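Undergrad: Sequence:
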Amino acid sequence: MRVLLFYVNQDETEYILECNRKFRFDLKMADFDFNSSDSDKFTGYDAVWITTNCKVTQLKTEQLKKAGVRYIVSRAAGTDHMDLAAMKENSIKGANVPRYSPNAIAEHTLCMVLMCLRKMKLELTMIKNYDFTLTGLKGRELRNMTVGVVGTGRIGTETIKLLSGFGCRILAYDLYANQSVTNLVTYSELDDIFSESDILILHCPLTEENRRFINHDTINRMKHGAVLINTARGGLMDYEAVLNAIEVGKISAAAFDVYDSETAYIRKKVDRDKFISETLKKLMEYENVIYTAHMSFYTDTAIENMIKTTFENLEEYENKGFCSNDII
Numbered sequence: 116m117r118v119l120l121f122y123v124n125q126d127e128t129e130y131i132l133e134c135n136r137k138f139r140f141d142l143k144m145a146d147f148d149f150n151s152s153d154s155d156k157f158t159g160y161d162a163v164w165i166t167t168n169c170k171v172t173q174l175k176t177e178q179l180k181k182a183g184v185r186y187i188v189s190r191a192a193g194t195d196h197m198d199l200a201a202m203k204e205n206s207i208k209g210a211n212v213p214r215y216s217p218n219a220i221a222e223h224t225l226c227m228v229l230m231c232l233r234k235m236k237l238e239l240t241m242i243k244n245y246d247f248t249l250t251g252l253k254g255r256e257l258r259n260m261t262v263g264v265v266g267t268g269r270i271g272t273e274t275i276k277l278l279s280g281f282g283c284r285i286l287a288y289d290l291y292a293n294q295s296v297t298n299l300v301t302y303s304e305l306d307d308i309f310s311e312s313d314i315l316i317l318h319c320p321l322t323e324e325n326r327r328f329i330n331h332d333t334i335n336r337m338k339h340g341a342v343l344i345n346t347a348r349g350g351l352m353d354y355e356a357v358l359n360a361i362e363v364g365k366i367s368a369a370a371f372d373v374y375d376s377e378t379a380y381i382r383k384k385v386d387r388d389k390f391i392s393e394t395l396k397k398l399m400e401y402e403n404v405i406y407t408a409h410m411s412f413y414t415d416t417a418i419e420n421m422i423k424t425t426f427e428n429l430e431e432y433e434n435k436g437f438c439s440n441d442i443i
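Going by my numbering, the sequence shown opens with residue 116, and the numbers climb by one from there.
Hint data in this document are derived by calculation from the structure and do not stem from the laboratory.
Capping the alpha-carbon separation at 25 Å, the derived lysine to aspartate or glutamate pairs in DMTMM-like fashion look like this:
no.	residue 1	residue 2
1	Lys383	Asp148
2	Lys243	Glu400
3	Lys389	Glu355
4	Lys180	Glu433
5	Lys143	Glu427
6	Lys236	Glu377
7	Lys338	Glu311
8	Lys338	Glu400
9	Lys208	Asp153
10	Lys180	Asp198
11	Lys143	Glu177
12	Lys396	Glu377
13	Lys397	Asp375
Derived Cβ-Cβ restraints for the label pairs, each shown as a range:
no.	residue 1	residue 2	range
14	Lys137	Gly282	42 to 52 Å
15	His196	Thr158	17 to 27 Å
16	Asn244	Phe138	50 to 60 Å
17	Ile242	Thr416	29 to 39 Å
Bear in mind that the values here come from a model prediction, so they are computed numbers and not experimental data.
Note that CB positions come from ideal geometry on N, CA and C, so glycine has one too.
Turn these sequences into a full structure, and let the hints guide you.
TA: Right, dumping it as structure tokens:
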């Protein structure tokens, strides 16, 4: 099987090649952009190996079908970057990596929480400028907080377990209660979570129903001075509303690992003056706003699990024509 790989980081290449000694696929690291290339670039490959930065649209699936591509393997858990109906229409099978390391994202989430509470971005800026005073640095203790977690799947569950060690009160919301955490949380309605939480953490998938559900209206229903954390999906938040809330002090701090229009720049080194998102640029200027470029998953354990499972998905497709991690 010939496989075309997209957006492989340099420090991942060695492990990919090491794994392939077992699987023996004909691999090619793509030297062109997935989203803007036409079908000729994909000709001769049986499968494409993608990341969430690759947008599998109706047009792209038509191009891939024309090129003879039969399989799309995504090394991520989420599928909102893939038009599954278009893939099915064009007879292209697809698989994901449903679990790789929920703990990686949970730990990053907790790191963001603590950095916000202890005003770490401001402190690092002050130290860089040789300001060793305590001006503006008084923090808060997590054990005294009420934390609302929206989404109690694998990642939300790991975050809840980590939070429980701090002694804070934890509220949770999900369409389906997770019995493994009912002893650690109080399941509540969203309105109660908004009004009672000192810290709000998003761990839910993105759907059409919850797109931008963090907006002017819901922010106004939050506690004054709440901390907002998003390591889930950029589309869950209206970032203009978040910026406004930061400006007026309604939100005391925000940290997020995802952004709604991140595809245009993520995994790239861009010119600051040509950066497309004025809203994100303004947010990043605040000392009480922390942004990381969709890297909460990026640990040695997570990457190794992603790569290994993606190879196993390809092997199943080659040997059986279907895969246990099929998404359509």
